[in-house]
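Q: Listed below are the residues making up each chain.
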Amino acid sequence: MEVSTGRDWVALSDEPLVPDALSSWAVRPDCGAVVTFSGTARNSSSVPHEILALEYETSTDLALGRMSQVVALARTRWPDLGAVVVHHRVVRVDVGESAVVVAVSAPHRDSAFLAARFCIDALKKTVPMWKREVWSGGAAWSEQCEDLVDPAQL
Amino acid sequence: MEVSTGRDWVALSDEPLVPDALSSWAVRPDCGAVVTFSGTARNSSSVPHEILALEYETSTDLALGRMSQVVALARTRWPDLGAVVVHHRVVRVDVGESAVVVAVSAPHRDSAFLAARFCIDALKKTVPMWKREVWSGGAAWSEQCEDLVDPAQL
Amino acid sequence: MTQLILLGPAREAAGTGRDEVPGETVGEILDAAAERYGTEFARVLARSQVWVNSEPASRDSRVGPQDEVSVLPPVSGGCAEEPSVRSSIA
Amino acid sequence: MTQLILLGPAREAAGTGRDEVPGETVGEILDAAAERYGTEFARVLARSQVWVNSEPASRDSRVGPQDEVSVLPPVSGGCAEEPSVRSSIA
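Chains as they are written, first to last, in our numbering: chain A, 1 to 154; chain B, 1001 to 1154; chain C, 2001 to 2090; chain D, 3001 to 3090.
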């Protein structure tokens, strides 16, 4: 499921994310900087188990709507952005694989770094997305959780 | 020409840079964040021509030495970094291609973003590297240039 | 009848992700759901946001058969790592 | 004899990237080079840093036949874009 314009590409996918395909898509001839954030599943957490994978669950419509709002906010704050890509993987993500990728291009690196950081911070606070940690013989909802924030409050 | 340890990978190359191969190399099972900066050749500059390509020139030994110093400085400032990759392409880089890639992994995104930003800023200030802008029918050294800075002064 | 969408821990506590629940306001629907699914669900519900369609709503919002009421527990973050500084939004 | 390495605009102004130049100090070598390559090179040299091997050096640094003296003009940035804020180093 995705929403794509010529400059923005917002998607949820149950397939592996390929950060390169996304950062390559963000390259523009008038942009000298592409900053890519990849959030990868890691093997440790607050639970005393070796984490094997993370399972993500969402409402596709609600999540895509919020993800698009975050991109629109970034464009308001950094009007010189070239392309903005925000993809989140759902269902199971094994350790080392990307769960979320943000890629932003801009003429100069200041905007690209700041907007990429803004997008991932805002995604985590505003997008309905729930994470289960999976270990050998068990699974649990992540204990680190917070109330959803409205993008207008960022 | 490159310098690689298990955690750091510093290289100069006259072959195309593949940001994905570099950010993939930076993935670590205990790191949840990978930030990748790609500096791409863009079509505009201070000269009134459509830029077609950039030509980079350096001393391999001197550049690799400074690049390694920058990575060491980043590790001092952000001791939790996982992998750090710094690659620079030399000779001709066409518009849209990567001239430099920095990829940093860390358990959390704060360190990954800050260290990636530090590395690219420091590379530009401290690494001996000269850039010619190439357009149809001409070429010139970039007019935007500054004295080399010693890494110890950062 | 109004569709009730249960997400993440709310889905798990209810044992279903989607249901039809009677009621003319959000509050009536949530009360009916709490009765139907039991105390563990009620506990999750107490910590959750409730949206009608794609917007946050309050208990007295009126809903019709074409609306979707979603129960959204606190979120656990869009990716694997947790931020070391929560207040770092630019 | 000491190796002189000429980089970027210094290489272009000198017409060569590497040469052997006589002299027992950095200053003597640079003066000999300026005489050999002419005024355009001397202009670039005046704005350049000089390193001996991999470290910045001064005119009175002594050098031997195994040393490399490098002339490094101001750098034009490691990648295509130029920063909009020059003072943004973290």
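Derived from the structure by calculation, the hints contain no laboratory data. Honestly, I wouldn't trust all of these hints.
Computed footprint of chain A on chain B, listed as stretches where at least three residues anywhere in the stretch have a Cβ under 8 Å from a Cβ of chain A [unchecked claim]:
no.: 1; stretch: 1033–1045
no.: 2; stretch: 1109–1120
no.: 3; stretch: 1136–1142
Each residue gets a CB set at the ideal place from its N, CA and C atoms; glycine is no exception.
Q: If a hint holds in the structure, say so; if it doesn't, say that too.
A: Structure-based check of all given hints:
1. 1033–1045: holds (count 12)
2. 1109–1120: holds (count 6)
3. 1136–1142: violated (count 0)
Hint compliance for this structure: hint 3 is the single one not met.
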